[in-house]
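Chains as they are written, first to last, in our numbering: chain W, 1 to 599; chain R, 600 to 823.
Worth double-checking, as some hints may not be accurate.
Within a straight-line C-alpha distance of at most 25 Å, the following computed BS3-like cross-link-like pairs (lysine-lysine) qualify [said to hold, decoys possible]:
(1) Lys669/R with Lys623/R
(2) Lys403/W with Lys687/R
(3) Lys632/R with Lys510/W
(4) Lys396/W with Lys687/R
(5) Lys513/W with Lys632/R
If you are wondering where the hints come from, they were derived from the structure by calculation, not from laboratory data.
From a predicted model like this one, the values you see are computed outputs, not experimental measurements.
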Amino acid sequence: MHKDVIKKIGLAIFILIVIRILTIYSFYGFNLKVTDYIKDDLHTIYVDEVLETSKKALILAYNNEELYTFYIESSDKKEIAFVFEGGEYAYTIYIADELRMQNYDKTLDGYTNEIAYGVFELNERDYKEIDGRYRAKIQLQNKTINEMKPFFLLGTKDTIRKYLALRTMVNTFMGICFFVILIISSVLYRRDRDRYMFSILLISIVSVFKWSISGEVHIFSEVFGITSHNFYFFESLTTAINYFLYQSLLYTLYQFKIKRRYIILYLGLFLILASQYIFEVNGPAFLIIYLMGAIVMISMSVIGHIKDKPYSMILLTTYSVFAGFNLYWILIKLNYFKEGYLSSLMNGPQVGSIIYVLGFLIAVIKTYLNKMAQYEKQQKEYERVLLIRGISHDLKLPLSVIKLNNQMLEKYDMAGDEKKVYTKTSLEAVQELEKMTDNINAYLNLESNVGGDYTTSMKESLEKLKSHYQIYNQKNQIFIVVWEEEDYLLPIKPLQFDRMLYNLVDNAFKYNKDGGEVKVEYRLDEQVIITVEDSGIGMDQEEIDKILIPFYRIDHSRTKDGLGLGLVVVKGIVESIKGELKVESKMGIGTKIIITIPK
Amino acid sequence: MKIKVLVIEDKASLNESLVNMLNKERYMAFGEKDIDGGKKTFLVERPHIILLDIMLPNGNGYDLIPFFRKYHNSRILMITALDDGESKCISYENGADDYITKPFDLYELIYKLNAMRRRMISQLSEIQVGDIDFNVDTNKLTCRGKTFNIQPSQIKLLKVLFEKYEEKSYLDKSEFSEFFKEEMNENYRMQTLVARLRKNLSEIGSQEIIIETAYGKGYQLVVC
């Protein structure tokens, strides 16, 4: 195997392991720091000792007995509050043999939608004096349907109040995150119909739904009619769907090609196990799905990294975080780790999935942006090709004049005067070629002729222009130049600016009528305004649109003399000094070119 | 008889040069710079050949071809800077006979035109040159009001000589036997055929047509 590949595999596995361990242990460590634990089988809790420590909360987990009884002992009837996690299932809590709380509502004739957790308080009157100490009896009747352990979080009333506020905030924040991802992905999907974005959109829809039914923020779970009766179904369904979507998204994003039958086999297995998990509430089935998925995801991430797929690093890292969170929560459910203040405060897998989806979002958006950049590059390349083709096409005309005239000079015996005619025609064509190459150069060097080092006086340029074209006044066409008293200095090479004006005026004369008028005007407002107006043949809108595209296509109706580059060069020059070029024209009346340059 | 050529090309200098060149090559050339002018001159002069540009100020050259075809069977040679397949395709579909791209070679153009002229002349039955007229179908030779019926082989020789004359060339001895394979036998030789034609020409009173001997090479038609 290649050394490089081994390196990559090593790095990928390193990231996968290290980030996972980091995620798990940082969470675990933090949990330990703020949480005190009571042994599972302890049935009497002396709250005086534990709640005076710096730890925020006390966790009491219990073995799955149908009726669990425990006692709180305190020397001064300490008032405490409980958060009972396990509201996904039907439960009833008795304090001092009195019913205190249950998530079965008779009036609803069903389970309440208080599914995430229940809160109850232990007040002074709940204590009974026994041997000079105070003792409260608490009983939990619970029909837990799987091995997952419900637990209590204990704390002073104040601590629990703060805890609940924090818990709502954290969960609201996570909901907002999912919503934002949903909005971003739906907007982006609407715009480009990208199939990767569609997968992210699906994931975020499922995630938002999954978040809504978690019951952390009541209103949402009420909207969907989630009660402790149907909670588990939706929870496991969304988990399975999202887990599947992650795998398929990674598969399509990395463009893997795997034989169809293997995919069908895997999907079949996944489907069977998922239905077991969803409908039969089968914990082991979920674990198998999870492990299968993990193997698939890890192999895809690592292979993607080896194959240098774009953004494989981001996806690998975010996957590791995601997997770390998931694993931590699974290990809690398997009693390997203990629940704690932090782990009950937020839904870890949801945090993990936010991070992973964000990773996907970044990868997909970046892929998309790359595609756009590439497309733009191609477009530019295409334009360049058109430009070169256009140039070579336009150069042919004067070339054919030169070739024909020279071959005639070579072939036929001519008198001196006749020779001169052909030579002159050739030379004129050569001049035409020169003008064209000048324009081509100007077009290709647009940027290098502007900047702070250059200044062009508007007045000087226009004076020059006026004297240069004065001769046209004798050719039956009127040339007028009007300028403002106040001069303005443009940051551009005078030669470049003159080229722009001459191109415009040349065009104006070329398309002017006999006895027509060409008027150049310079005004100074909030902007510098230059207009070149003729009384010529004019153009329709279609033509106006065409003339500003450099050789947009070798169009058969394009006029010949003038090289399709003239106005494009003008536009380029105007834009190089951040100005704007506008063309107004009416058929038979004339054309007006308006250039505005910001001061 | 001169072949008429209409040049429709909007680039003035190119148009002018082409017309001059054609006149030097003994064509009768007319230059036009746009579609309307081209149509007008076409209807008046009925040119045998049209040199047609594609990009014209107010339309495409190849759109004109059907119009030309409707009125007169001219040969149409496109001359254009467009060398994309599409333009070529459209031109041929519309009925162009040939296509040449700018910058074209003078010699190539002349060869193409001469080939067209040759084909045209070989299809003609009524030919007028100098002070004589002759008809290939009826074998009639006419000069200054007089009409002779002469042998088909003599008319054929006259036409071959005329074609060579149009090409500024002469009839080579070796070519002669090619042209007159059927007529040739032992007692009908080249010299005999030429002598009989010369005799007929002088008898009918032609003063402008002479069949000259190019020594060692062959014969050529000379118009005085």
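Here is how each hint holds up against the structure:
1. Between Lys669/R and Lys623/R, the direct Cα distance comes to roughly 30 Å. Violation of the 25 Å bound is thereby established for this hinted pair.
2. For the suggested pair Lys403/W and Lys687/R, the alpha carbons sit about 22 Å apart, so the restraint of at most 25 Å is met.
3. With a C-alpha separation of about 16 Å, the suggested pair Lys632/R and Lys510/W falls inside the 25 Å cut-off, and the hint holds.
4. Between Lys396/W and Lys687/R, the direct Cα distance comes to roughly 17 Å. Compliance with the 25 Å bound is thereby established for this hinted pair.
5. About 18 Å separates the Cα atoms of Lys513/W and Lys632/R, which keeps this hinted pair within 25 Å; it holds.
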